[in-house]
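Q: So you can see what is in the structure, the chains are spelled out below.
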Amino acid sequence: MVEQIHQRFQGSCMMLMRQTGDGVAFLGSCFLVHSDGYLLTTSRGAPEDADLVVVPTSTEEIFPRMTRDQVAPLPVEVVSRDTAHDTALLKIVPELEIRIPDGVLSDGERTPQGATVMALGVPFGYYGVHSVLATHALLAGRLQTSDGTRLLIIDRRVQYGDAGGPLISASDATVIGILGNIFEPTHFTGVEPPQGIALHTNLSYAVSIEYGAAMLAALV
Amino acid sequence: MNTAESQGENRNSDSWFAVDIHPWVFFSSATIIIGAVVLTILFHARIDDIFETIQTSIASGAGWFFVATMNIILVFIFVMMASRHGDIRLGGSDAKPEFSVLGWFAMLFSAGMGIGLLFYSVAEPMFHFISSPTAEAGTPEAARRAMDLTFLHWGLHPWAIYAMVGLALAFFSFNKGLPLSIRSVFHPVLGDRIHGAAGNIIDILATVATLFGVATSLGLGVQQVNAGLNHLFGIEQNTTVQLILITTITAAATWSVLAGLSAGIKRLSELNLILAGLLCLFVLVVGPTVFILNALGENLGHYIQYLPQLSTWNETYEATTWQHSWTVFYWGWWIAWSPFVGMFIARVSYGRTIREFILGVLFVPTLITFLWLTIFGNSALHVELFGAGGIGRAVQDNIPVALFVLLDNFPLTAITSMLAVIVIITFFVTSSDSGSMVIDIITAGGNPDPPKLQRLFWAVLEGAVAAALLVGGGLVALQTAAITTGLPFALVLLFMIYSLFRGLSTYKEAPGFSMLPYEHGRLLRTIPSHPQPEMVHGHVMWRPHRKNTESARGRRGLFGKRGKQ
Numbered sequence: 015m016v017e018q019i020h021q022r023f024q025g026s027c028m029m030l031m032r033q034t035g036d037g038v039a040f041l042g043s044c045f046l047v048h049s050d051g052y053l054l055t056t057s058r059g060a061p062e063d064a065d066l067v068v069v070p071t072s073t074e075e076i077f078p079r080m081t082r083d084q085v086a087p088l089p090v091e092v093v094s095r096d097t098a099h100d101t102a103l104l105k106i107v108p109e110l111e112i113r114i115p116d117g118v119l120s121d122g123e124r125t126p127q128g129a130t131v132m133a134l135g136v137p138f139g140y141y142g143v144h145s146v147l148a149t150h151a152l153l154a155g156r157l158q159t160s161d162g163t164r165l166l167i168i169d170r171r172v173q174y175g176d177a178g179g180p181l182i183s184a185s186d187a188t189v190i191g192i193l194g195n196i197f198e199p200t201h202f203t204g205v206e207p208p209q210g211i212a213l214h215t216n217l218s219y220a221v222s223i224e225y226g227a228a229m230l231a232a233l234v
Numbered sequence: 036m037n038t039a040e041s042q043g044e045n046r047n048s049d050s051w052f053a054v055d056i057h058p059w060v061f062f063s064s065a066t067i068i069i070g071a072v073v074l075t076i077l078f079h080a081r082i083d084d085i086f087e088t089i090q091t092s093i094a095s096g097a098g099w100f101f102v103a104t105m106n107i108i109l110v111f112i113f114v115m116m117a118s119r120h121g122d123i124r125l126g127g128s129d130a131k132p133e134f135s136v137l138g139w140f141a142m143l144f145s146a147g148m149g150i151g152l153l154f155y156s157v158a159e160p161m162f163h164f165i166s167s168p169t170a171e172a173g174t175p176e177a178a179r180r181a182m183d184l185t186f187l188h189w190g191l192h193p194w195a196i197y198a199m200v201g202l203a204l205a206f207f208s209f210n211k212g213l214p215l216s217i218r219s220v221f222h223p224v225l226g227d228r229i230h231g232a233a234g235n236i237i238d239i240l241a242t243v244a245t246l247f248g249v250a251t252s253l254g255l256g257v258q259q260v261n262a263g264l265n266h267l268f269g270i271e272q273n274t275t276v277q278l279i280l281i282t283t284i285t286a287a288a289t290w291s292v293l294a295g296l297s298a299g300i301k302r303l304s305e306l307n308l309i310l311a312g313l314l315c316l317f318v319l320v321v322g323p324t325v326f327i328l329n330a331l332g333e334n335l336g337h338y339i340q341y342l343p344q345l346s347t348w349n350e351t352y353e354a355t356t357w358q359h360s361w362t363v364f365y366w367g368w369w370i371a372w373s374p375f376v377g378m379f380i381a382r383v384s385y386g387r388t389i390r391e392f393i394l395g396v397l398f399v400p401t402l403i404t405f406l407w408l409t410i411f412g413n414s415a416l417h418v419e420l421f422g423a424g425g426i427g428r429a430v431q432d433n434i435p436v437a438l439f440v441l442l443d444n445f446p447l448t449a450i451t452s453m454l455a456v457i458v459i460i461t462f463f464v465t466s467s468d469s470g471s472m473v474i475d476i477i478t479a480g481g482n483p484d485p486p487k488l489q490r491l492f493w494a495v496l497e498g499a500v501a502a503a504l505l506v507g508g509g510l511v512a513l514q515t516a517a518i519t520t521g522l523p524f525a526l527v528l529l530f531m532i533y534s535l536f537r538g539l540s541t542y543k544e545a546p547g548f549s550m551l552p553y554e555h556g557r558l559l560r561t562i563p564s565h566p567q568p569e570m571v572h573g574h575v576m577w578r579p580h581r582k583n584t585e586s587a588r589g590r591r592g593l594f595g596k597r598g599k600q
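Going down the list, the protein sequences come from chains V and Z.
Residue numbering for the first sequence follows this note's numbering, starting at 15 and increasing by one per position.
Residue numbering for the second sequence follows this note's numbering, starting at 36 and increasing by one per position.
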């Protein structure tokens, strides 16, 4: 089942980059959600002042090169942004023939707690590893922040480059969240641990997908 | 972009002047068909003799081969249904069925069997009852055996053949991206050569065989309808009446095929099934209801119990030739029709899993067929065994009249006979329009939604061929010729088993997302970057206490780790 999910979403995840002159610098991950070229990512990962591009990462090679010295990026624009829920909707500027399976997006409510989920992203994009990697985790729980944002907690430590990638339910192969960051409770509650006691967490969070789905629904 | 129809939408247009033809297949097929019709009209007596001799030789020498082939295919289909391949969805894991379950069944049944069943549901049991190969004629045992044999000829075996051809075509087209065309099933062996001369020849043969099969059935069928109308209303049996019938049926089929699958063929098939259902219900209610219901269970039980014995029977120890004109004829007939019916079934089955496909194509039509055969066949047997009789003689005199003679035994004869005529005509239309659709697709290079002008051309040509052969002679000759293609096509079917098995064994679901490369972009070099605090800690806005947020930021370095104090 997990293998089939990976095959299904193989071409969806891309690198989000900032164009600077003749170069592009990695910003995070994003993923296709509509055949008109719409992609979702985190709002904070898509700076307003940047020339944004995306780089497809799927490759025909079985063992692709770890680092890509040159890439062929596609220009994108931010068409909608929800900073309160850290979600941004991008659109690929050139018109391309894109094929997307039906029913890609779900919601954060359907997948039961404890279910297997898959995370896709470019975890080490900042360190020159330009490949999408898949990992699986358990849906450890659901939480709501003080401003009502719905978060999905998984028992896997995501890397910074994963932010903006899809969190996929293994039971129905649909996206249920946008990967965020390591889940550090102090960032959410403000309660700091006492001096001398470190807080270790291997949990991460994703923003539930309904915010992104609503943004997409408003446009298409 | 997720339906079979959408595969053709970029190649098609609603314009009447749009064309999308495979030049070799289209023009060669049309030329061969017109040439063969002219030759047949000129020399039909001779051609009839030649193909009759070939058909007799095939029946006597290769009967065992047909029997073996039919059984191998039935077993193969059962294995496919139970195997892990049953989970594969035709069109890919995200494909959605194009038609509702009812619409799908209606089209399967109407294209696959409808018309023959109307005539033979009464006639065949009666033939076996009055001339039984395994029991004393006219006895209850002969009646029981008659239903066994009729079930054998119209049951799982023919539908397994259709399922196999349909499955192979649907799989190679919808899952492998090959054209919806007979040539595509040869891909595992011929490779890309299917797009060359070899593939053209295969498609031309399929087109010619399909058109002759449908056109000759139409030509012979209107003679039967005319016979029925004569029995009912005294309408004269002549060529003019038959030409009017061909024109009416062709006009309706042309409208249906031009309207498309959803608006035309599907609606007609559903109407067909409703009308046929009403007729069935009427006979069940006013006929010998208890006898029919008793017989249904008993017929099914006998069929299941004796299927291995019946389906492997070769007359080895009887030294008779009964099977030549019955079982072997039927097997050749179903096989010869399988490219047409299989192709149509493939076209309407997009989005079904292989297991659903087999359950739908094999079992549901078989059960409907058995219900139909029992209602009409056993009603006729009841009249012969316990009633006034006379149907056996009517069958021997004129097969199409048998259905009407049966209806004469029940009340409201005029209404039910008229309903029967309408059902016969609508079954003809649905066989004709689906045949035209199949030819349209093949000659358009596998485009599942061919342009209107081409649909009009083939639908009209089909009627024209039937009319020309009716007037000029040669309907039987060409039909016999079409049936003789059953033997070579049986070999093709065996090959198809290998091809399909190989295709399924190596099949991997295509990735769900795909995007054509952006060819106007330029290559840019990648430059190192680092995550920025505002990007990593964007979520601090969710913190309830701003003050704490600031202090936390102040105490933390990049990446959320504790910095230098």
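Just so you know, the hints here were simulated from the structure itself, not pulled from any lab data.
Wrong hints could be hidden among the right ones.
[Stated by the list, open to error] Label pairs and their calculated CB-CB ranges: (1) Z/131 <-> V/89: 31 to 37 Å; (2) Z/542 <-> V/89: 35 to 41 Å; (3) V/61 <-> Z/114: 53 to 59 Å; (4) Z/312 <-> V/91: 35 to 41 Å; (5) V/92 <-> Z/488: 44 to 50 Å.
Quick reminder that beta carbons are idealized off the backbone N, C-alpha and C, glycines included.
Q: Take the hints in turn and mark each one as holding or not.
A: The hints, checked one at a time:
1. Z/131 <-> V/89: 31 to 37 Å: holds, 33 Å
2. Z/542 <-> V/89: 35 to 41 Å: About 37 Å separates the Cβ atoms of residue 542 of chain Z and residue 89 of chain V, which means 35 to 41 Å holds.
3. V/61 <-> Z/114: 53 to 59 Å: Because 58 Å falls inside the window, the suggested range holds.
4. Z/312 <-> V/91: 35 to 41 Å: Taking Cβ atoms as reference, residue 312 of chain Z and residue 91 of chain V lie about 57 Å apart, which means the hint is violated.
5. V/92 <-> Z/488: 44 to 50 Å: Given about 47 Å between the Cβ atoms, the range holds.
Checked against the numbered hints listed earlier, the structure breaks hint 4 alone; every other hint is satisfied.
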